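Here the protein sequences come in this chain order: U and E. Here our numbering is used: the first residue of the first sequence is 47, the next is one more, and so on. Here our numbering is used: the first residue of the second sequence is 47, the next is one more, and so on.
The hints are simulated quantities; they were obtained by calculation from the structure and are not laboratory data. Treat the hints loosely; a few may be bogus.
For chains that are exact copies, the list does not tell them apart, and a pair is met inside one copy or across any two.
What the hints assert, rightly or not - Straight-line Cα separation of at most 20 angstroms, SDA-like style, residue types lysine to any residue; simulated pairs:
| id | residue 1 | residue 2 |
| --- | --- | --- |
| 1 | K363 | R210 |
| 2 | K364 | A332 |
| 3 | K162 | D327 |
| 4 | K162 | E138 |
| 5 | K163 | E138 |
| 6 | K163 | G136 |
| 7 | K208 | G118 |
| 8 | K163 | T359 |
| 9 | K162 | G136 |
| 10 | K293 | A309 |
| 11 | K208 | G137 |
| 12 | K163 | S325 |
| 13 | K162 | L135 |
| 14 | K163 | G137 |
| 15 | K162 | G137 |
| 16 | K363 | Q242 |
| 17 | K163 | L135 |
| 18 | K208 | D130 |
| 19 | K208 | M129 |
None of the values given here were measured: they were computed from a predicted structure.
One-letter residues, chain by chain:
Protein chains: 2
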Amino acid sequence: MSAFDSGNQVLALCGGIGGAKLALGLYRVLGPQRLSVIVNTGDDFEHLGLAISPDLDTVIYTLAGLADPERGWGRAQETWHFMDSLRQLGGEAWFQLGDRDLAMHVERTEWLRGGKKLSAFAAHAAQQFGIEAEILPMSDDAVQTIVDTDEGALSFQHYFVKRRCEPTVRAIRFAGAAESRPPARFSELITGTSLQAIVICPSNPYLSVDPILAVPGIAAALATAQVPVIAVSPIIGGEALKGPTAKIMAELNILPTNQSIAAHYGGLIDGLMIDEADSADNLEVATWATRTMMRDLADREFLASEVLAFAETLTQKKGVRHAGRRR
Amino acid sequence: MSAFDSGNQVLALCGGIGGAKLALGLYRVLGPQRLSVIVNTGDDFEHLGLAISPDLDTVIYTLAGLADPERGWGRAQETWHFMDSLRQLGGEAWFQLGDRDLAMHVERTEWLRGGKKLSAFAAHAAQQFGIEAEILPMSDDAVQTIVDTDEGALSFQHYFVKRRCEPTVRAIRFAGAAESRPPARFSELITGTSLQAIVICPSNPYLSVDPILAVPGIAAALATAQVPVIAVSPIIGGEALKGPTAKIMAELNILPTNQSIAAHYGGLIDGLMIDEADSADNLEVATWATRTMMRDLADREFLASEVLAFAETLTQKKGVRHAGRRR
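Just chain U, same shape as in the assembly (with noise of 0.2 angstroms):
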């Protein structure tokens, strides 16, 4: 039994830089030992030798209040003493890394190269750095996101970063999703009798939310859990907020309106938190308007109390043990 299995746990899951906003929310509404993040890591990859999982690394670094404010990624008050000097000798430049971030990077290569599981290293980072939530990605196996685009396939941070989401984008895939396995830590969370809630946080559908669900067992588990499953929807007033969704749903031929993530995540889901701007017209399932804009850290808590409040009453809705869900 885990420390985290003290009662009223929150699943949260989540990508990088928006999805953490959230899931900080959550962890200062909830209070310590209450919430477990399961982080997408299909945007992983070696760079430079280094193993680098930059969901996991943006997700320790909000909780643990070290984020930079202004980038969402890497830490504050960083420097890039490494990377002056990574150019001098002509090395691959692309990626930054900070001098700070870069220490994350060496000792998780170290904990891989030892024989040691992602999940060990996250929840070693977690408390190194204080932090009293859990921290899991989806798998310790190895997924990839594909981004298939008119320029062939890319890997998500070639794609990403060194190509700045530029390519259109023709469909998204998770290379190694089929063989992989969540962590044990989610099968106990989910079969066991502590969860409240589950939360879907309003990172990317496709990109950074669809590599977790890809992961054999994650999607069923949603689609069976007792415990009501909100997603919170990355639509603010018709537009994708962050990043390349937009254009992402774009080039995909999928309208960004709240009709298209509720169904994106059909079958999966018990409720969808929208923001006050957009209608809930046309949606079949449950949905709570609220404020869904996180720009400081009072934004973060409010939403985050809004999505419990949700929950709440879809958990009387729901009932204790429900039967099963549409799909």
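The hints should help you fit chain E onto chain U, whose structure is shown.
Relative to the frame of chain U, chain E by itself:
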């Protein structure tokens, strides 16, 4: 044919800090493309998954004008944010890696993992930093300096950095030396007609120069060289100036005198450069006494000029094609 075959080449053998000072003096006095430095790599080790070559880097940073003038090792204007984070993560923090310096280790590790040779990386790094001298590792094969002490056999960095030279030295050996080969360029230089002199820098004879001489072919090449071979003594005023030399000599029951140094290099050298404070009595090798202390750049250039002047006199004595040498 290398750009370094233009004629009147000087080949220097050196370790880290002390030796690099004279290498810099020679580089400045000789001018571009006349100096080749063969550097100790017995101190090389893998740490945090990174291939670290302390002496090579010290020589590169020194000749590039990037070395920290106070410490002697590492880069000037260095920052230590990586180390701070590594400690936060509970990583192995006994070996100091500066933020700027890290790029060298990460990039070198990438080159080696990609199947490239250490000598190729050293040449690349030297070129990127604008160094117009040739910097050669003593071998592309792994040779490990092992210090047998009262605490057991310690790798060099373990003895030197982690244990701060505190254990009593019983013997020093060079694992892998018998199977190692000098770089191809060394043989080219030695057998070519462009070489003017060979200089053993005032590095620690036992820890920094001996590993070089342990690479099969290097000592033999010095013993039979047709150009003068000069060692610059690390003894000043009857004391070993730098680092642990005096302590090691005492533990190995060797008196800290020029007689000991001359005996140590006996058969390999034509001349011993000694400090003006020391006596040339009882030295069977040709000597040249001068100010060997190198506090600033002017000192380094002065000593380099003296070495070259000494070489000139020995060339006249030795003749262009001398038959051999004692031993």
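Results of checking the hints against the structure:
For a Cα distance limit of 20 angstroms, the shortest separation of K363 from R210 qualifies neither inside one copy, at 44 angstroms, nor across copies, at 68 angstroms. Taking the closest pair of Cα atoms, K364 and A332 come within 20 angstroms of each other only inside a single copy of the chain (11 angstroms); across copies the shortest separation is 97 angstroms, beyond that limit. Taking CA atoms no more than 20 angstroms apart as the test, K162 paired with D327 passes in neither setting, with 49 angstroms inside one copy and 62 angstroms between copies. In this homomeric assembly, K162 and E138 come within 20 angstroms of each other (Cα to Cα) only across copies, at 16 angstroms, whereas the closest approach inside a single copy is 28 angstroms.
For the homomeric pair K163 and E138, the shortest alpha-carbon distance between copies (19 angstroms) is at most 20 angstroms, but the shortest distance inside one copy (27 angstroms) is not. In this assembly of identical chains, the alpha carbons of K163 and G136 lie at most 20 angstroms apart only when taken from different copies (17 angstroms versus 32 angstroms within one copy). In this homomeric assembly, K208 and G118 come within 20 angstroms of each other (Cα to Cα) only inside a single copy, at 18 angstroms, whereas the closest approach across copies is 38 angstroms. In this assembly of identical chains, the alpha carbons of K163 and T359 never lie at most 20 angstroms apart, being 38 angstroms within a copy and 65 angstroms across copies at closest.
For the homomeric pair K162 and G136, the shortest alpha-carbon distance between copies (15 angstroms) is at most 20 angstroms, but the shortest distance inside one copy (32 angstroms) is not. Taking the closest pair of Cα atoms, K293 and A309 come within 20 angstroms of each other only inside a single copy of the chain (18 angstroms); across copies the shortest separation is 76 angstroms, beyond that limit. When the C-alpha separation of K208 and G137 is checked against a cutoff of 20 angstroms, the pair qualifies only within one copy, where the shortest distance is 14 angstroms, while the shortest distance between copies is 30 angstroms. With identical chains, the CA atoms of K163 and S325 are never at most 20 angstroms apart, being 44 angstroms at best within one copy and 63 angstroms at best between copies.
When the C-alpha separation of K162 and L135 is checked against a cutoff of 20 angstroms, the pair qualifies only between copies, where the shortest distance is 15 angstroms, while the shortest distance within a copy is 32 angstroms. Taking the shortest Cα distances, K163 and G137 sit within 20 angstroms of each other only across copies (16 angstroms), while inside one copy they are farther apart (29 angstroms). Proximity of K162 and G137 under a CA criterion of 20 angstroms is satisfied inter-copy only: 14 angstroms between copies versus 29 angstroms inside one chain copy. When the C-alpha separation of K363 and Q242 is checked against a cutoff of 20 angstroms, the pair qualifies only within one copy, where the shortest distance is 14 angstroms, while the shortest distance between copies is 92 angstroms.
For the homomeric pair K163 and L135, the shortest alpha-carbon distance between copies (16 angstroms) is at most 20 angstroms, but the shortest distance inside one copy (32 angstroms) is not. Taking the closest pair of Cα atoms, K208 and D130 come within 20 angstroms of each other only inside a single copy of the chain (18 angstroms); across copies the shortest separation is 29 angstroms, beyond that limit. Taking the shortest alpha-carbon separations for K208 and M129, only the intra-copy value of 15 angstroms comes in at or below 20 angstroms, while the best inter-copy value is 28 angstroms.
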